[in-house]
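Let's have the full structure, built from the sequences with the hints guiding it.
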Amino acid sequence: MSSRPRTAFVLSGGASLGALQVGMLRALYERGITADLLVGTSVGALNAAFVASRSQTPATARALARVWRGVERGDAFPLSLRAVAGGLAGRRDHLVPACGLRQIIERHIELDDLAGAAIPLHLIAFDITTGSEVALSHGPACEAVLASCAIPGIFPPVAAGGRLLVDGGVVNNTPISHAVELGAERIYVLSTREPSCPQVNPPRTALDAAICGISLLMGSRLESDVGRYGREAELIVLPAPNAIQVQPTDFDHSSELTATAYSAARDALAGADTFRETPLAAGSAQRLAAVG
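Under the working numbering, the first residue of the sequence shown carries the number 2, and numbering increases by one thereafter.
Derived by calculation from the structure, the hints in this document are not laboratory data. Please note that a few of the clues may not be correct.
Computed beta-carbon distance windows for the label pairs [said to hold, decoys possible]:
1. Ala60 <-> Ala271: 20 to 28 Å
2. Cys100 <-> Ser256: 31 to 39 Å
3. Gln246 <-> Pro6: 29 to 37 Å
4. Asp76 <-> Gly117: 33 to 41 Å
5. Gly117 <-> Gly184: 35 to 43 Å
6. Ala136 <-> Ala60: 22 to 30 Å
7. Glu186 <-> Gly117: 22 to 30 Å
8. Pro6 <-> Ala136: 15 to 23 Å
9. Asp268 <-> Pro6: 18 to 26 Å
10. Glu182 <-> Gly132: 15 to 23 Å
Every residue, glycine too, gets a C-beta built ideally from N, C-alpha and C.
And the structure:
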């Protein structure tokens with residue numbers, strides 16, 4: 002009998018839409034599917050860091066759901082007139098201070114150093130001084146999550162190890178490539194938007210418009226990466242249902258997003274297992290993209 006494929010969970014960015022990943026994690030854990038390594042960027046880095054030092058069980062997913070239910074827009078994006086004015090006047094390189102995000106991380110991440118994670122954890126950032134992606138696998142966990150979440154122009158960049166780091170989603174919002182490079186043979190992709198999914202509802206505020214525009218840019222790579230890396234590893238891209246078009250800055254619908262993602266992921270995973278058990282699939286490599 003062959004051993005279990007080396008399995009990775011890849012968690013993408015998407016701000017408040019990270020609540021979708023909570024439902025996906027619950028569905029995975031309920032089926033006994035666990036990760037040998039975690040790769041995350043932006044809000045996916047925050048979710049990955051939360052589960053990395055905890056047991057891979059439905060109870061952990063439920064605990065993460067409670068965290069999400071308690072987060073409000075002002076917690077993650079604490080806008081102040083001083084910060085906005087400074088950013089617009091060129092005295093600051095950001096519009097939103099990182100204090101709120103730092104408090105969320107320090108309150109809920111039970112991890113001091115990335116290297117101490119029970120599950121190998123790799124957070125993706127972008128070094129604006131060299132113009133290159135950076136995979137953070139050791140060092141202070143709080144600073145690493147902050148760096149991976151530092152949306153350019155919205156949050157301040159993070160100085161670490163002589164580098165100036167921002168959100169890894171700038172170039173690789175769903176870092177499947179890093180999971181492949183790390184030797185993953187089966188990759189569950191926990192995205193926050195469907196490939197080629199258009200934005201229907203227009204943003205309502207300037208911050209909404211900025212985040213939405215960045216998110217659309219970040220998400221454009223997912224479809225091509227599924228096609229490219231599906232030849233190197235088995236990909237299971239879980240559905241990211243967002244029927245009411247929740248904006249990435251809207252934290253009022255976390256419970257609904259989690260519940261719908263859980264239901265969709267549960268059905269998709271059942272379908273994926275059925276596919277593997279068919280005689281045709283049993284002896285061949287498979288690529289399951291955007292199941293459900």
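Now for the hints, and whether the structure bears them out:
In this structure, Ala60 and Ala271 meet the distance hint of 20 to 28 Å, their C-beta atoms being roughly 22 Å apart. Cys100 and Ser256 have their C-beta atoms about 26 Å apart, which leaves the hinted 31 to 39 Å range violated. Gln246 and Pro6 have their C-beta atoms about 35 Å apart, which keeps the hinted 29 to 37 Å range intact. For the hinted restraint 33 to 41 Å between Asp76 and Gly117, the CB-CB distance of approximately 26 Å leaves it violated.
The hint said 35 to 43 Å for the Cβ distance between Gly117 and Gly184, and at roughly 21 Å that hint is violated. The hinted window of 22 to 30 Å between Ala136 and Ala60 holds, with their beta carbons roughly 29 Å apart. For the pair Glu186 and Gly117, the beta carbons lie near 25 Å from each other, so the given range of 22 to 30 Å is met. Checked against the hint of 15 to 23 Å, the C-beta distance between Pro6 and Ala136 comes to roughly 21 Å, which is consistent with it.
Between Asp268 and Pro6, the C-beta spacing of about 22 Å keeps the proposed range 18 to 26 Å intact. Against the hinted window of 15 to 23 Å, the Cβ-Cβ separation of Glu182 and Gly132 comes to about 19 Å, which satisfies the hint.
Hints 2, 4 and 5, counting from the list given before, are not met by this structure.
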